[in-house]
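So the sequences go chain by chain: A and B.
Just so you know, my numbering puts 244 at position 244 of the first sequence, and the rest follows in order with no gaps.
Just so you know, my numbering puts 58 at position 58 of the second sequence, and the rest follows in order with no gaps.
It is worth saying that the hints were derived from the structure and are not from the lab.
Even for Gly, the Cβ is constructed at its ideal location relative to N, Cα and C.
Please note: incorrect hints may appear among the correct ones.
[What the hints assert, rightly or not] Going by beta-carbon spacing under 7 Å, a handful of chain B positions derived as facing chain A: (1) Leu159; (2) Arg172; (3) Asn174; (4) Ala266; (5) Asp268.
[Unchecked claim] Chain A is nowhere near these chain B residues, computed Cβ spacing over 12 Å in every case: (6) Arg116; (7) Ala252; (8) Leu276; (9) Ala292.
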Amino acid sequence: MISVEALHVTFNPGTPIERRAVNGIDLALTEGEFATVIGSNGAGKSTLLAAIAGDAPPQKGTIKIGGRDVTREAPAKRARRVARVFQDPLAGSCADLSIEENLALAAMRGARRGLRSALHADRRALLRERVAELGLDLEDRMGDRMGLLSGGQRQALALVMATLAGAEVLLLDEHTAALDPGMAEFVIDLTRRLVAAHGLTTLMVTHSMRQALDLGSRTIMLHEGRIVLDITGDRRKNMGVDDLVAMFRRVRGGEELDDDSLRIG
Amino acid sequence: MSAIAFWGAVELGLIYGFVALGVYLAFRVLDFPDLTVDGSFPLGAAVAAVAITAGWDPWLACVLAAIGGSLCGLVTAFLNVRFGILNLLASILTMIALFSVNLRIMGRPNMAVLNRETVITPFYDLGLADHLVRPAVLAVLVLATVLLLARFLGSDFGLATRAAGANPRMARANGVDVGRQIYFGMGLSNALTGLGGALFAQIAGFADVTSGVGTIVVGLAAVIVGETLFRSRAMLVALLSVVVGSVVYRVAVQLALSADFLFLKASDLNLVTAVLVTLALILPKLRARRRAVQ
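With these hints in hand, go ahead and build the complete structure from the sequences.
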């Protein structure tokens with residue numbers, strides 16, 4: 001479903017602040033595959049996701065989604081098949097629009113937007129139903145501004161928004177990193193449910209080793225813009241958080257784990 | 001203040017209601033600080049004056065003025081979207097260029113539109129006093145515009161316009177072509193301003209290339225006054241409040257100018273405007289600071 005070949009993304013090429021964020025990545029995900037991505041800060045995780053979504057244009061390499069070459073396609077055009085949830089809960093929705101307006105906007109992702117009322121009765125009923133399924137008691141607050149909600153509520157709604165318009169690919173960029181532990185657990189659980197229900201091909205960046213092994217069926221570790229570990233099946237099943245951390249250390253050349261943002265739990 | 005002066009202020013407020021709606025669309029909905037209106041307002045006036053003087057139908061003149069205005073907005077959007085010129089600067093470039101364009105359109109700095117058939121003239125026969133007919137007709141026109149705009153901004157396309165302004169990254173992630181929305185929004189915003197200019201020329205009886213100076217400040221004043229009076233974020237209420245803000249602002253200025261104890265003259269209008277807008281901008285901040293202290 002996603003196929004990335006010999007991908008290179010360099011920021012500020014040819015300048016003193018040149019940075020090779022992605023440095024030759026080959027990656028193929030089959031339809032419905034759910035892979036987690038780990039790596040230290042600057043390893044190229046977010047850039048890989050941004051390149052697939054179209055936000056970070058690659059210097060070299062190709063990106064295919066569903067067999068179609070989208071390397072040069074604008075992000076808005078790619079959005080028909082690619083849904084995203086960002087790390088910052090404020091980034092994935094419009095604070096000044098109401099809950100149902102945000103959802104209505106996402107419901108038309110990739111479709112031709114006309115002059116039909118965005119909140120016609122059928123759609124409102126559908127949106128209300130989808131929000132009620134969350135069990136967060138938000139279905140009676142559909143007219144409230146998105147900005148009034150907590151980060152966790154917004155991330156939960158962002159996940160619903162991602163699955164409203166029949167996307168094929170879901171890109172999650174540390175979407176629970178800014179949440180308190182309870183809400184993070186809720187959102188992770190919701191992620192698991194929605195990905196399974198919609199059969200989405202998913203790439204999830206995370207800083208949590210536990211999440212990296214618990215979710216999905218494949219774990220990928222990036223270091224300096226390359227894939228240094230790619231495990232599935234029994235090898236992954238037999239791997240504990242300690243093993244992963246050890247592997248992480250080895251990759252970084254015996255450096256101590258001084259990276260604050262890396263959590264083992 | 002006499003009744004005639006009062007209704008005159010209301011009338012002017014309603015004309016600038018179109019400008020205020022345009023400014024609201026650019027500044028608030030699209031988050032695009034746009035000074036093009038200082039050029040598209042006199043452009044609308046110039047186009048209408050020339051068309052009406054040439055014997056064209058006044059309604060057609062209004063349509064032409066709106067189209068002309070939208071072209072101005074498209075130029076600014078083009079400079080910004082296509083070449084990445086900072087939005088404010090792009091609009092200043094268009095505004096400056098329009099001064100020359102407007103001189104070309106009229107062939108001279110100002111032009112009278114007196115004793116001509118305008119959009120208002122047929123309504124003088126209805127039996128209302130003249131100084132009431134104008135505000136009445138304008139009120140109907142501006143209300144119809146508000147209803148259409150509210151309906152548009154509540155549609156799938158309009159929602160995309162709002163998202164493009166509020167959170168472009170999120171809009172793109174949801175398949176919205178942000179550049180296209182800026183083109184469309186800027187075109188619509190300046191079409192409204194051009195229409196305002198066309199009505200101004202017909203009612204004031206002249207078009208003048210300098211009549212655009214400060215249009216943006218007046219439009220912003222209306223938006224800010226409206227937002228201060230009504231706090232609702234519902235689209236229809238927000239749009240209505242902008243028009244009400246425009247009228248309230250004009251009446252307030254008229255009051256200030258006619259209050260003898262203030263020693264103000266008509267020529268102090270721009271100073272009064274600047275002071276009022278500054279106050280409206282500062283007050284919410286002071287209020288917020290006081291809340292933060294408590």
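(request) Would you assess whether Ala252 (chain B), listed as outside the interface, keeps its beta-carbon beyond 12 Å of every beta-carbon in chain A? (result) 28 Å, holds
(message) So Leu276 (chain B) supposedly isn't at the interface. Is its beta-carbon more than 12 Å from every beta-carbon in chain A?
(response) 26 Å, holds
(message) Interface hint check: Ala266 (chain B), Cβ to nearest Cβ on chain A, cutoff 7 Å. Holds or violated?
(response) 39 Å, violated
(request) Would you settle whether the hint for Leu159 (chain B) is holds or violated, based on the nearest Cβ-Cβ distance to chain A being less than 7 Å? (result) 4 Å, holds
(message) Minimum C-beta separation from Ala292 (chain B) to chain A exceeding 12 Å: can you confirm that?
(response) 18 Å, holds
(message) Checking hints one by one. Is Asn174 (chain B) an interface residue toward chain A, by the C-beta closer than 7 Å rule?
(response) At 5 Å from the nearest chain A Cβ, Asn174 (chain B) passes the 7 Å test, so the hint holds.
(request) Using 7 Å as the Cβ threshold, decide whether Arg172 (chain B) counts as touching chain A. (result) Holds, because the Cβ-Cβ distance from Arg172 (chain B) to chain A comes to roughly 5 Å (cut-off 7 Å).
(request) Hey, is Arg116 (chain B) genuinely clear of chain A, shortest beta carbon separation above 12 Å? (result) 36 Å, holds
(message) Just to be careful: measuring from the Cβ of Asp268 (chain B) to every Cβ in chain A, is the smallest value less than 7 Å?
(response) Nearest chain A Cβ about 37 Å off; hint violated.
The structure fails to meet hints 4 and 5 from the earlier list, while all remaining hints are met.
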